[in-house]
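So you can see what is in the structure, the chains are spelled out below.
Number of protein chains: 4
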Amino acid sequence: MQLGIIGLGRMGANMARRLMSKGHECVVQDSHADAVAKMVSDGAVGAATLAELAAKMTKPRAVWLMVPAAVVDGVLDDLLAHLDPGDIIIDGGNSYYRDDIRRAKKLGDAGFHYVDCGTSGGIAGQDRGYCLMVGAEKPIFDHLRPIFSALSPGLGNEPRTPGRDGEPSDSEQGFLHCGPNGAGHFVKMIHNGIEYGMMAAFAEGFNILRHANIGKKDHAVDAETTPLREPEFYQYEFDLPEVAEVWRRGSVVGSWLLDLTAKALLADPELKHFGGKVSDSGEGRWTIQAAIDEAVPAHVLSAALYDRFSSRGEATFANQILSAMRHEFGGHAEKKD
Amino acid sequence: MQLGIIGLGRMGANMARRLMSKGHECVVQDSHADAVAKMVSDGAVGAATLAELAAKMTKPRAVWLMVPAAVVDGVLDDLLAHLDPGDIIIDGGNSYYRDDIRRAKKLGDAGFHYVDCGTSGGIAGQDRGYCLMVGAEKPIFDHLRPIFSALSPGLGNEPRTPGRDGEPSDSEQGFLHCGPNGAGHFVKMIHNGIEYGMMAAFAEGFNILRHANIGKKDHAVDAETTPLREPEFYQYEFDLPEVAEVWRRGSVVGSWLLDLTAKALLADPELKHFGGKVSDSGEGRWTIQAAIDEAVPAHVLSAALYDRFSSRGEATFANQILSAMRHEFGGHAEKKD
Amino acid sequence: MQLGIIGLGRMGANMARRLMSKGHECVVQDSHADAVAKMVSDGAVGAATLAELAAKMTKPRAVWLMVPAAVVDGVLDDLLAHLDPGDIIIDGGNSYYRDDIRRAKKLGDAGFHYVDCGTSGGIAGQDRGYCLMVGAEKPIFDHLRPIFSALSPGLGNEPRTPGRDGEPSDSEQGFLHCGPNGAGHFVKMIHNGIEYGMMAAFAEGFNILRHANIGKKDHAVDAETTPLREPEFYQYEFDLPEVAEVWRRGSVVGSWLLDLTAKALLADPELKHFGGKVSDSGEGRWTIQAAIDEAVPAHVLSAALYDRFSSRGEATFANQILSAMRHEFGGHAEKKD
Amino acid sequence: MQLGIIGLGRMGANMARRLMSKGHECVVQDSHADAVAKMVSDGAVGAATLAELAAKMTKPRAVWLMVPAAVVDGVLDDLLAHLDPGDIIIDGGNSYYRDDIRRAKKLGDAGFHYVDCGTSGGIAGQDRGYCLMVGAEKPIFDHLRPIFSALSPGLGNEPRTPGRDGEPSDSEQGFLHCGPNGAGHFVKMIHNGIEYGMMAAFAEGFNILRHANIGKKDHAVDAETTPLREPEFYQYEFDLPEVAEVWRRGSVVGSWLLDLTAKALLADPELKHFGGKVSDSGEGRWTIQAAIDEAVPAHVLSAALYDRFSSRGEATFANQILSAMRHEFGGHAEKKD
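Quick mapping for you: the protein sequence lines, in order, are chains S, G, F and E. Quick note on numbering: the UniProt record's numbering labels position 86 of the first sequence as 86, and the sequence is numbered without any gaps. Quick note on numbering: the UniProt record's numbering labels position 112 of the second sequence as 112, and the sequence is numbered without any gaps. Quick note on numbering: the UniProt record's numbering labels position 252 of the third sequence as 252, and the sequence is numbered without any gaps. Quick note on numbering: the UniProt record's numbering labels position 129 of the fourth sequence as 129, and the sequence is numbered without any gaps.
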């Protein structure tokens, strides 16, 4: 079927290519003309403007936005002027689900249909397919099923979950109608919250492995340094790329994140190319906000988020407060490097 | 090759079967005679006693212990009386790596070889193979390679890590010489610490999803209950088995633990069969001990461990202290159910 | 000076009494007539209705609301109908500072002045005085200074902070103009967030002390129970009321919360009167929301909040997920009590 | 009574002075002759060597060690050669309680008495008095009561805990027989663990207050930066020295640590003199070790410890792992400053 795609960044462009490779028609637009030209050379119908995109599509139109969350509202306003009631707009980016609820109400009142689609898979998605979490009116979801089906991985080589047989469900193919508007990005938000937690679990674990040689090192002997009581137990020099690799086969922590970690460690065992300032892009924060509103404890997911804040130096003033207190009660001077 | 196996519980029996299916000879012993008999009917050489096991093996013997960590020292003492210098003992259970270091020293002084082997894979290992993390003298590890190779999954269907080609390394087949004695169980310990963290990430995430309908529920209106400010954002009834399923395909959180969660939720979406008292078996604790000795922050792994303690009621007195304080300063009475 | 007080609960009544004892006139109203009557017998001017309260006051009126956060907006709407431009309304409860900003805007547009005043001190405040954190236009704050001064503890017996001399500042007397509207409740919110953290620190510490006799207890010996490696180090039976008492004098953890804990433990060393379900009243949650919006790590304050959630059973489903996973990969059955 | 004191650092010297001011005789020794000379000029009996110290004391001697934990064993060995059975050695430093148990056994077997005394109060203790937590045989504790009584603050101006009347208990005067050997340092260890947690609660809270102006700042607009949704709620410029000061009077967070924070912030509101690398001196780590052995959850105390580790850069490799993962799945490049 035909799909309009606005936004041909890394994600949007890959998704267009995957759709076309499965026989769908893509009408594409981007603020960068060369991105459009490149996609046209790959087989897409190009549009220089939103008006042109609308004009080149048949009704009811289905238009997928793959733009940064911060500009969705602006693009929506521009786009709606060129669409007609009954048309469908899908936000496939990382919007906050509360914005989805607001937008769905506004668009619905004007006769349009709004779909929020959480999209996971990253830059590997063009080949592996994308995991799609959809919030929409059910008939609209059904109407778009060919698109979701083409974007998602399908059953693939994954073993089916015991207890599932017969015709594969949507979820087994990698897309799901999660509920009404907002539900798609809510599920994606929690997905990313979990992702932060899993990543932190690996990061902490590898950090402990890396320092397992601490017993070989000299320790300062002063009142500001805790002595290592049993250095004989910390004499290991672990080969982290090999550890990551062996865990990929048969272990309980086997996962795509581990696969990627094994790849990164193999290429650069010291990770010298990374300084360790870790961004967060919103979903982790919103996950915690949901946990708090629901009164659900989230020690692990919060800790993972805060560690990212700390990696960017945001704990500094708190640490200065601690040093100041220690100086006051104990006369402790801060250690210098 | 020939391997002695002591301990025919769930893990030991499965491992023996996997080895025999790959053409190795297993001489088996267990304190339960029927466990031995059953394994004999599957093709193993049975031994009623440790002495008999030793007598039925050719030198240098290699004997694998698959017994609870708490009884390893006792079995070792009994076993050594029947072995000869040059023989090899492998502890394949979940021993603390510090015990390995102690035992390896003691056995080495007596002319034996000790091997610590962290074994991951659980009850699925008989089919999937086991991930093996080995601490040993290198020549002993090499001598045992046929056993490790048979137990581990092999390359399988996993895509090779980009950058790896040519002859597959041990690690790519699922076993690894991690270093000298203790190194195997050290790596396994961290593996389990990470496992706790990943499990907690999923558990917290699904708990938040489950309570996403809190806006539909009545809230007590009193000074002891925080009002939910925006109930309109918590009106979702998520189908957790479906969410777990869709994440299995193409998402960033894809993992074996997710596969298992999807299976468990499909069978029992409310998890009514589980009360939520979660055991911990030592490795998580030792991981934190290592983190602290190394001065490595481990917010996530610790939180995962403490949540298990709390699940068993160990926070109760702390909570009573909090209630007592609140009563003192604010006259707050505890809410009853 | 004259102050209207609406809401004669524990806090409002105590504050009225303190103000009258310092020579101020209180015009009081409450939805319970007997609360008004009792305060009249203590010397207040009573009012049966908001209209009557307004009629009995001289302009510009200053009216202090001491009602639950959830009803502030309703009372405000009713009250404004009886007031005149230039009058002052003070919200002395635990409102969310974002509500203050909204209300101040609305009231300001109508010619009124709004003051948000975070009030700490609990039921002891009538005698000790209250710590007051005020958000207001500066001239309005100055106008109300006599009231703040009477409610707050004053310099008292506290030693002055080194570096402070001369005329005591407002802050040294226990009240502070924190900034424009919302600033008072923002500071109070963080105060309570810190309070949660301090309470949790004590609660965890006493819980560890209480279990320091674990080496004397029998441990189950099974694969689901981590053995205690060195029971000889956990043979202590600490007298918690005595420990709390000794820390009150000269130690680094000396604090009012410790004073209260010492009192509670003396009265009931086992805290049998408390079940350990700990409420939270909003400020702790809002503190975390602020931390996240500001990207400031708050591991401790979050953990303190989550522990309260867990105390009320909110972690249960997460724990069931963990048990289900353990059952899947390891065949582990949950331990029963 | 007479007390030998070995170690005239900041703590030991102050304690000697306090004892002498209360009429006790101090026989002092230190590896720095000038420290001894200075104390002699203050009225102490000086000793150049341990032998001389022993010779100048009457039996049964009581000798207080106030030396770094790392050298206690060495000093003990040297000292014992000059003492006689029946003599008493008190370790007043920050030893690990497990060392106390070991030493008490060894010394007891040789006819000596060992006392472990946790000492809190810092550099202010000379004036305020010290809080003393003692592990000892009860008769030995009773014998030393005059010393403990002189060092501790006494009843002072603290209000007595409601429920306590009559003759003040030891604990009300600031010293306590906590139990047999090790008990004193165990209680001190937990005291310090709590101290870490309280300090972190304040540090996080002030950090959130300090960043409450984030809404005034420009934010990068890119996919790596989470937008601040409601900047209008973060427009505050709080005066932290004033906030700390006002909390000192009547609030729930009133505490000695707050007094010290108020002092430090008044002297240097930006805390420019501190870089924020926070040492830890062992007790916090041991507290967590105890929590884990006892299976007591300690989210807050652990987080406080880990934040110190992170302040010293120990999370860096973990953060690099996170950045590497993000690069792999999302093509995310790390943000530079």
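If you're looking for bench data, these hints aren't it; they were derived computationally from the structure. Any given hint might turn out to be false.
The list makes no distinction among identical chains, and a pair is therefore deemed to hold if it is satisfied within one copy or across any two copies.
No more than 20 Å apart at the CA atoms, straight line, and that leaves these computed lysine to aspartate or glutamate pairs for EDC-like [claimed, not checked]:
id, residue 1, residue 2
1, Lys263, Asp170
2, Lys277, Glu314
3, Lys216, Glu237
4, Lys105, Glu230
5, Lys138, Glu224
6, Lys105, Glu232
7, Lys277, Glu224
8, Lys217, Glu158
9, Lys272, Glu334
10, Lys105, Glu137
11, Lys105, Asp77
12, Lys263, Asp165
13, Lys217, Glu25
14, Lys216, Glu314
15, Lys106, Glu230
16, Lys216, Glu232
17, Lys216, Asp239
18, Lys272, Asp218
Quick one: which hint numbers does this structure break? Sort them smallest to largest. Hint check: 5, 8, 13 and 18 fail, others pass.
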